[in-house]
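Counting with my numbering, you get residues 210 to 438 for the letters of the sequence shown.
Heads up, some of the hints might be wrong.
Claimed, not checked - Using C-beta positions, here's what the derived DEER-type ranges look like:
{"no.": "1", "residue 1": "438", "residue 2": "239", "range": "19 to 25 Å"}
{"no.": "2", "residue 1": "344", "residue 2": "231", "range": "28 to 34 Å"}
{"no.": "3", "residue 1": "277", "residue 2": "239", "range": "14 to 20 Å"}
{"no.": "4", "residue 1": "320", "residue 2": "437", "range": "17 to 23 Å"}
{"no.": "5", "residue 1": "413", "residue 2": "236", "range": "34 to 40 Å"}
{"no.": "6", "residue 1": "282", "residue 2": "438", "range": "21 to 27 Å"}
{"no.": "7", "residue 1": "282", "residue 2": "241", "range": "15 to 21 Å"}
{"no.": "8", "residue 1": "397", "residue 2": "369", "range": "39 to 45 Å"}
{"no.": "9", "residue 1": "363", "residue 2": "272", "range": "28 to 34 Å"}
{"no.": "10", "residue 1": "364", "residue 2": "340", "range": "16 to 22 Å"}
{"no.": "11", "residue 1": "397", "residue 2": "210", "range": "28 to 34 Å"}
{"no.": "12", "residue 1": "408", "residue 2": "276", "range": "28 to 34 Å"}
{"no.": "13", "residue 1": "327", "residue 2": "397", "range": "19 to 25 Å"}
Said to hold, decoys possible - With a cut-off of at most 20 Å between alpha-carbon atoms, the simulated EDC-like pairs for lysine to aspartate or glutamate come out as follows:
{"no.": "14", "residue 1": "420", "residue 2": "342"}
{"no.": "15", "residue 1": "339", "residue 2": "426"}
{"no.": "16", "residue 1": "409", "residue 2": "353"}
Hints in this document: simulated from the structure, not taken from any laboratory.
All C-beta atoms in this analysis are idealised placements derived from N, C-alpha and C, irrespective of residue type, glycine included.
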Amino acid sequence: MRAVFIRFIDCEGPGILEPLLREAGYRISYQNAYDKRIHLMPEIHLNFDLIVMLGGPQSVADPAEQEFFKPYYDIVNNVVALPNKKLIGICLGSQIIAKALGANVRPGTKGPETGFSDLQVLKPEHPIFKGIEKESILAFHLHEDIFDIPVGAEHLLASEYYANQMFAYKNKLFAFQTHLEPTLEMLNVWQSVHKEFIAKGTGDFSEIASKQKVMAETANTIFRNIINL
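Please take these sequences and the hints and turn them into a complete structure.
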């Protein structure tokens with residue numbers, strides 16, 4: 210099996226997802242969408258069993274960016290149309306999925322959502338939550354744009370700040386507005402790289418090491434369940 214990570218900024222990588230995929234027997238490739246010298250792999254939806262679109266500073270809500278995003282919308286639609294393919298979108302990746310499925314993506318009226326917070330598990334019976342016996346999970350946020358839940362999708366996670374944090378579509382597309390994937394090292398880098406954006410929010414950045422550890426335990430279960438579906 211083969212998986213590809215599409216990165217939209219170099220500091221937002223796969224985090225805990227890569228070792229989980231290697232553990233499951235996947236061969237891993239990368240596509241750096243932020244490098245304009247590199248063209249998207251042709252027929253990427255045919256060459257990989259799993260595609261993961263990661264976070265980035267670009268905005269799906271920006272009309273000037275639509276030409277850039279079009280091939281990624283096409284990936285979403287192609288994965289929907291083909292059997293035995295999966296797509297995970299995280300932050301910007303989730304917004305790409307939502308937009309491709311016809312949902313509205315826009316800046317949130319409350320401004321940036323940053324730092325750690327609890328997310329409510331809306332459908333604990335869903336197979337991605339198998340083995341999680343909690344009503345809420347800890348997650349990390351670093352976004353301002355938000356999405357509506359597409360028609361036909363299942364709304365699975367919610368926060369008090371912005372309700373739409375995660376949805377699944379036909380158990381093929383899994384869109385996480387929130388971040389569950391970052392390692393502690395990634396979070397430390399993000400605090401430096403994204404410090405101006407973080408300063409606009411009021412999020413919780415206390416006890417990062419211990420909170421990342423708690424978050425990763427739950428995230429490992431959720432991501433393993435998605436991989437095994």
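The hints, checked one at a time:
{"no.": "1", "hint": "438 x 239: 19 to 25 Å", "result": "holds, 23 Å"}
{"no.": "2", "hint": "344 x 231: 28 to 34 Å", "result": "holds, 32 Å"}
{"no.": "3", "hint": "277 x 239: 14 to 20 Å", "result": "holds, 18 Å"}
{"no.": "4", "hint": "320 x 437: 17 to 23 Å", "result": "violated, 37 Å"}
{"no.": "5", "hint": "413 x 236: 34 to 40 Å", "result": "holds, 37 Å"}
{"no.": "6", "hint": "282 x 438: 21 to 27 Å", "result": "holds, 23 Å"}
{"no.": "7", "hint": "282 x 241: 15 to 21 Å", "result": "holds, 19 Å"}
{"no.": "8", "hint": "397 x 369: 39 to 45 Å", "result": "violated, 26 Å"}
{"no.": "9", "hint": "363 x 272: 28 to 34 Å", "result": "holds, 29 Å"}
{"no.": "10", "hint": "364 x 340: 16 to 22 Å", "result": "holds, 21 Å"}
{"no.": "11", "hint": "397 x 210: 28 to 34 Å", "result": "holds, 32 Å"}
{"no.": "12", "hint": "408 x 276: 28 to 34 Å", "result": "holds, 31 Å"}
{"no.": "13", "hint": "327 x 397: 19 to 25 Å", "result": "holds, 22 Å"}
{"no.": "14", "hint": "420 x 342", "result": "holds, 18 Å"}
{"no.": "15", "hint": "339 x 426", "result": "holds, 13 Å"}
{"no.": "16", "hint": "409 x 353", "result": "holds, 10 Å"}
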